Every structure is written in C-alpha cells, then in structure tokens.
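Each chain is listed here by its residues.
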Amino acid sequence: MVVVRVSHLTKRYGHLTALSDVSFSIRPGEVLGVIGPNGSGKTTLFECLAGVLPDDGGAVLDDGRALATNERSSVLFYLPDAIAPWPAQPVRWALDYTVGFFGGRLDALDDVIARFDLASILDSPIGTLSKGQRKRALLAMSLLTPQPVLLADEPFDGLDLRQTREVAEALRAQVAGGRTLVLSIHQIVDAARICDRFVLLSGGCVRGEGTLAELSAMATARGAAPREQNLEEVFLALT
Amino acid sequence: MFARRPVPFFRPVPFVWLLEKEWRELLSSRAWWVMLLLIGPLVGVSFIGAVRTYAEVSGANGVATGAGEAFSPLVGVWAPTFSACELAAAFLLPFVGIRLVSGDKQSGALKIELQHSMSALARIAAKALVLLAGWSFASAAPLVAIVLWKAYGGSAYAPELVTIAFGHLLNAGLTIALAAATASLTDHPSTAAILTLSVTVGTWILNFIAAVQGGVWERAAGYTPTAMVAEFQHGLIRLDVVLIAIALIVAGLALASLWMRLGVPVRRRTCESLALAAGTIAAIIACSFATPSWDTSENRMNSFSDADETALASIRAPLHIEAHLAPEDPRRVDLERRALSKLRRVLPKTQVQYVSATSIGLFEQSAPHYGEIWYDLGGRREMSRLTTAEGVLETIYALADVKPPVESDEEIFRGHPLAAQPKGAAAVFYGIWPALIVAAGFLVRRRHA
Chain A
178 MVVVRVSHLT
188 KRYGHLTALS
198 DVSFSIRPGE
208 VLGVIGPNGS
218 GKTTLFECLA
228 GVLPDDGGAV
238 LDDGRALATN
248 ERSSVLFYLP
258 DAIAPWPAQP
268 VRWALDYTVG
278 FFGGRLDALD
288 DVIARFDLAS
298 ILDSPIGTLS
308 KGQRKRALLA
318 MSLLTPQPVL
328 LADEPFDGLD
338 LRQTREVAEA
348 LRAQVAGGRT
358 LVLSIHQIVD
368 AARICDRFVL
378 LSGGCVRGEG
388 TLAELSAMAT
398 ARGAAPREQN
408 LEEVFLALT
Chain B
1441 MFARRPVPFF
1451 RPVPFVWLLE
1461 KEWRELLSSR
1471 AWWVMLLLIG
1481 PLVGVSFIGA
1491 VRTYAEVSGA
1501 NGVATGAGEA
1511 FSPLVGVWAP
1521 TFSACELAAA
1531 FLLPFVGIRL
1541 VSGDKQSGAL
1551 KIELQHSMSA
1561 LARIAAKALV
1571 LLAGWSFASA
1581 APLVAIVLWK
1591 AYGGSAYAPE
1601 LVTIAFGHLL
1611 NAGLTIALAA
1621 ATASLTDHPS
1631 TAAILTLSVT
1641 VGTWILNFIA
1651 AVQGGVWERA
1661 AGYTPTAMVA
1671 EFQHGLIRLD
1681 VVLIAIALIV
1691 AGLALASLWM
1701 RLGVPVRRRT
1711 CESLALAAGT
1721 IAAIIACSFA
1731 TPSWDTSENR
1741 MNSFSDADET
1751 ALASIRAPLH
1761 IEAHLAPEDP
1771 RRVDLERRAL
1781 SKLRRVLPKT
1791 QVQYVSATSI
1801 GLFEQSAPHY
1811 GEIWYDLGGR
1821 REMSRLTTAE
1831 GVLETIYALA
1841 DVKPPVESDE
1851 EIFRGHPLAA
1861 QPKGAAAVFY
1871 GIWPALIVAA
1881 GFLVRRRHA
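As you go down the protein sequences, you meet chains A and B in turn.
Following my numbering, the numbering of the first sequence begins with 178 at its first residue and continues without gaps.
Following my numbering, the numbering of the second sequence begins with 1441 at its first residue and continues without gaps.
Next up, chain A with everything else stripped away, as it sits in the complex (with noise of 0.2 Å):
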C-alpha cells in the first residue's frame, strides 16, 4: 500500500536542525500535503527527498528497500519553488526538453498545454513570464515528467484564486490517470482543498500525520481538541 516511506530524515545546518526525525509515508494515488508555516522546514524535506540536498540521517524507503540519492530520481520528480530555469528560452521548448530529457510523456503535452492556459504564452522566454505564468508554465513541465512521485513546492503560490483552482484540478486529473503528489503547502485554506492526507510539519518535527479526521482526533487524544473541525483549528491545536 505504501508507495514511499520516509523514515527519521535529520537534516542540520551546522547547529540549527531543520529537519529532526522526520517520519511520514506517501500511499499511492493519494495527494498528500505538507502543512506549516514558513520556515518550517518544508523545502528542506522536499529538497532531502529528491536528493538535491544532503540529508545527515534517515532514510526514503522504497517497498522497504532505502533508495540511495541517486536512485530516487527513478520514483521521485520534485519541482522547487521559486525558480526560473532557463531563462532565455521560450515555454514550448521547456515542455518538449521536459519529455525530451527525463523520457516524459508526449501524449499529455497538449492536454497540460490547455489545462495549464500556456498557449499564449508558449514562445515567451521563462525570464520574462510574471510569477504566475512562471508558476503555471514550471507545474504543467512537472506534469510532463515520468515519475510516480511528484513533489511540489508551494504549487499554489503566485497564483489567483481561479488558477488556483484550475490548478488543483489539473492536479487532480494527474492523480485520477495514477500519479501521487506530495505538495508543500503554506496557505492551509488551499491544502484543505486538494489534500487528501496531511503531514504537520513545525520547527523540523512532524506533530502528526492522516486525513482531516484522524488528525482531529489526534489533537483529542494530546488533550487540544480544536474548537471547529477544519485544518486550520486542527494545525494550530497540534503545533
């Protein structure tokens, strides 16, 4: 059932531990969301995970076996936030070296085109494209890539309420054709709406991890009953 299993991730910046024991598993099919707020460590796990940063302990488990960093490439597709690679060169070409280099799909390249509303946008450089296009243009090449694990920092950010709905449901789509994504999340309005499970990330430590329901009852049991049923009281009761 467990697709990725990530277990007691440490990661430390000389003193300061930005990860601590970090445990949580990704299922399969499901949209799981990394909640906290900023500072929180959410890139930093992302960033572990993928193997782009060293980590100083722990492990990503796949169907129990620990994936060396570079094995993980071959379940894991992470998307940074606040980047703009390429910058001199136009979308269209971005999406085809998308499918080009990491063998990606070129039967979904016009469906991500329309879903993602790049066709005005398809011969503008990536340096010049505002934060949104950027966003926008960066998701649907995420989506281009072959992996079963997606990783996505921050999806949502520089994004207006109707793409960031748009968004959610091209995100959806992907898991309604078999993909997983794990997408970190500051805004808990917008993880409320697309994540199916969650991990409540806070200084480095995971304070809990399951759907709505089961968090709620989470915060129950530690004695922090949040006033209302929603994300945002549960967050708050647990960190």
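Note that these hints are calculated values from the structure, not bench results.
Keep in mind the model is a prediction, meaning the values are calculated, not measured.
We put the beta carbon where it would ideally sit given N, CA and C, even for glycine.
There are no misleading hints in this set.
Beta-carbon label-pair distances, calculated as ranges:
1. B/G1719 / A/A353: 49 to 57 Å
2. B/G1655 / A/A236: 48 to 56 Å
3. A/R370 / B/A1875: 53 to 61 Å
4. B/L1679 / A/A236: 45 to 53 Å
5. A/E346 / B/I1686: 52 to 60 Å
6. A/R370 / B/S1559: 34 to 42 Å
7. B/A1726 / A/A296: 57 to 65 Å
8. B/G1719 / A/S200: 36 to 44 Å
Fit chain B to the given chain A structure using the hints.
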C-alpha cells in the same frame, strides 16, 4: 502510466537533448557574443602589426634586414596573430564558461536536471563540448587571417598552422575546465570569475618566479598555459605537455562534476576532490617522463640538422651538463633555447644542472667558475663557455669521439620574405567581422524570441 524506472547505464537521447540545451544556452549568452565580437578586432590588431613588421623585415623599405628564421611566417606572423586567441582564452572565455555552468545553479535549472539519473561527468562533458564548439566559432578569426595572408601571396605551412591551432585548442580546453571547476565550486559567478583570474595570474607569477629562481620552479612553469602555448607557437608538439594538458582538463572537468552533485555531502565531495587532486598530481608526474616530441616547424627551429641528429643518436653514453649560469643570465636563455632544448629531443637522458649563487648573476661574473659549462659524457669531462648550438655540439662531438657532420647548404632554411601590406585587413577585422557578429546575434535572438 507512471511506473518506476530502472537506472540505465547510458541513454543517448537525453545526452543529445542536454547538448541541444547547452547549445541554446550558449547562443543566448551575452558573454559568448561579446567574445565573438572582440576576438575579430583583437586578431586584427595582432595580424596587421605582424604583417607590417614582416614586410619591413622583408625589405618593404628597400633593404632586407633579416634572413632565415626572420622570414618564418610561424614566428613572424602566426605566433603574434594567434596570441590574440591566448588573450581571449585568458580574459573572455572564462566568463563564457562560468556563465554556462553557474547559470544552471543560479536559475534553479540544476535542481531540476539533477533529477535525471545521468552522471555528473556526462553533464559537465556536454557543457565542455558545447563550449569547445563555441570556441571553434571564435577561432574563425585567425582562419580569416590565414586566408588574407594567402591572398597577399604569403606562404602557409599546414603542419605549423595545425600545431598552433591545436595548442590554442588545448589552452581553451584548460580555460574551460578551470572555469567549470570554479563555477561548480562557488555559489556565485563573480566569485568564480575572481577565482579563475586568480589562477591565471598565479601561473604568470609562477613563470616570473621560474625566470628568477630557476630549478624546480622552472620545470613547473614549463607546464603553465603560457609556456605550453609558446611551445606550440614555435611548432613544437611535446607529448608530455599534451598529456599533462589533457590530464589537467580531465581533472578540472571531474572536479566540476564532483561539486555539481548538490545532494552529496560536502565532506564526501571534499574527500573525493582531494583524491582527485592526488591522482592528478600522480598523472602529471608520470606524464612528465614522456619524452617524444615532434618539430612541425618548416625551418626545423626546434631541431638540429638531420646530420647532427644522426650523429648525436649514435652517442650511447649518458650526458651530464653542469652550467654555471644564473637564471636571468641571457647566456643561459641562449643555451637553453638554441642548444639544450634541441639536445633533449635527441638525447632524452641528458641531465642538465645549473649552478649559481644569485638569480641575475651580475655580481658573480668575477667568480672563477662563473660562465663555465661542464660536459660529462661517460666519465670524460670537458669545459666550454660557448652557448651557441654549434659550440655545444662541437664539445659533445669532441667528448664522444664522433666526427662532426658536414653542414649541407640544402638544409638551410631560406625563409619566405613577403613585403606586402595588410590591405583590407582593417576593414575585415574592424568592420565586417563585428558587423557580421552583431547581425548573427540579432538574427539568432530574433529566431529564439
């Protein structure tokens, strides 16, 4: 649809995509276009000056002032013309290389591309190949100079030109490897640029120290890019120099690939870098023992005559030379250039030891043994003060009981005097070249936009 994939050993298609991407990035790099733009006028200044000087020496003012070596286009025209490439490789090419390597880090593209299982060495090799291709475009400027020279009626000896072009290609390779390594090691392109220029200036300081101190410094300085290019500019291909240059290029690119792996702990990368450095030093020491060399100059400026080489080759006993000359003494420079560098090519086991108390030798002139050159051949010793090739050979022949060969007039290089002015070169290098580069840049940018 989304399945786990095994990590294949080699997939040609992603590498082709990577090459294409690097090429597009190079085309969109201002640093590369600036290098292309500047190399034309740089080559033009050198070429026009060299052709004018060559014409003067050839008798443009009515009297020929030189003979033999003075009329070698290799020394008179190609060495100064191609020296513009050396300048471009030292001060322009590093920025092109740094931009191509650092750009991915700065933009975040590296984090995306690292998620492909391709080895870091393959990634850096793609960048190096594209940079070399980019350099080849810049090398069109000296090719234009060759075409102009032929149009003036000048002589061009292909092996010399191939040698000098090969030397500059190796030099460009060294610069690319250095730029890639510094860009990979540092977080910011400006830091990488400072580091690269520091290494370049460091090699110049090494050359300076070698000129003053001699000894082991002199030996080390023989492998700096400046010294290496100078050998090629004299039509000499030394296997040890080529192998060491290749070893340094591979080491630089390997270092860049080690530090490109952002997911590997810094401590491990540091240990691997130290191991790489140790391996490179061992390879350099091993390569320095390679003695074959090839003189491709038309006037055989790096060789004795065929008759002398045949006579010297018959000497089996080990030769040891002890020269009491200071590093900065012009006689020592003469002895090295005119005799010993040629002698080492025929008798690789020749050992030369310099003895001096000071670096300039000015206050040693009155010392009893200063200026003496002692030859020891199989236990027989002889002293001479001559620093010319003829004087050195005479002493060695006398010690070896070998009859000096008769000099043949046919072997004397008469040269190719040419009293032609560089007509049209200024228009080509200062006008047409920059205009073409600007137009090409505009078209490429427009096509990509």
